[in-house]
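Q: Sequence:
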Amino acid sequence: MTKETTVARALMVLVFAPAGGLFGKAVAVAAAGHEWWPWLAASAVWLVVTGLVSMAVSNRLDEHR
24 MTKETTVARA
34 LMVLVFAPAG
44 GLFGKAVAVA
54 AAGHEWWPWL
64 AASAVWLVVT
74 GLVSMAVSNR
84 LDEHR
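Residues are numbered in the numbering used here as their position in the sequence shown, beginning at 1, plus a constant of 23.
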């Protein structure tokens with residue numbers, strides 16, 4: 024496994040795992056009858072921000088090849 028593949032896998036886990044947890048929290052809060060949209064918004068923001076960071080790191084690694 025190359026260094027780039029290892030970094031890509033780690034970044035994928037760092038992007039999707041917390042977003043899934045936040046989305047699960049939104050579902051649990053909605054089931055309890057409380058305000059669920061802040062958790063869903065946090066999940067979307069997390070996906071966008073970490074996705075952009077992941078793309079930047081990936082592009083940076085590609086430039087150094």
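Treat each hint with caution, since some may be false.
Label-pair restraints from in silico Cβ distances [to be verified]: (1) K26 <-> A53: 39 to 49 Å; (2) V71 <-> R32: 25 to 35 Å; (3) T25 <-> A64: 31 to 41 Å; (4) V80 <-> G43: 27 to 37 Å; (5) K48 <-> V76: 34 to 44 Å; (6) A55 <-> R83: 24 to 34 Å; (7) L37 <-> L63: 40 to 50 Å; (8) G74 <-> A53: 22 to 32 Å; (9) L75 <-> T28: 14 to 24 Å; (10) N82 <-> A53: 31 to 41 Å.
These are calculated hints, taken from the structure and not from any lab test. If you're wondering where the values come from, they're calculated on a predicted model, not measured in any experiment. Think of the CB as a built atom: it goes at the ideal place given N, C-alpha and C, for glycine as much as any other residue.
Q: For each hint, tell me whether it holds in the structure or not.
A: So, going through the hints one by one against the coordinates:
1. K26 <-> A53: 39 to 49 Å: holds, 41 Å
2. V71 <-> R32: 25 to 35 Å: violated, 20 Å
3. T25 <-> A64: 31 to 41 Å: holds, 36 Å
4. V80 <-> G43: 27 to 37 Å: violated, 21 Å
5. K48 <-> V76: 34 to 44 Å: Violated: the Cβ-Cβ distance is about 22 Å, outside 34 to 44 Å.
6. A55 <-> R83: 24 to 34 Å: violated, 42 Å
7. L37 <-> L63: 40 to 50 Å: violated, 20 Å
8. G74 <-> A53: 22 to 32 Å: Taking Cβ atoms as reference, G74 and A53 lie about 24 Å apart, which means the hint holds.
9. L75 <-> T28: 14 to 24 Å: holds, 21 Å
10. N82 <-> A53: 31 to 41 Å: holds, 37 Å
Violated hints for the displayed structure, listed by number in ascending order: 2, 4, 5, 6, 7.
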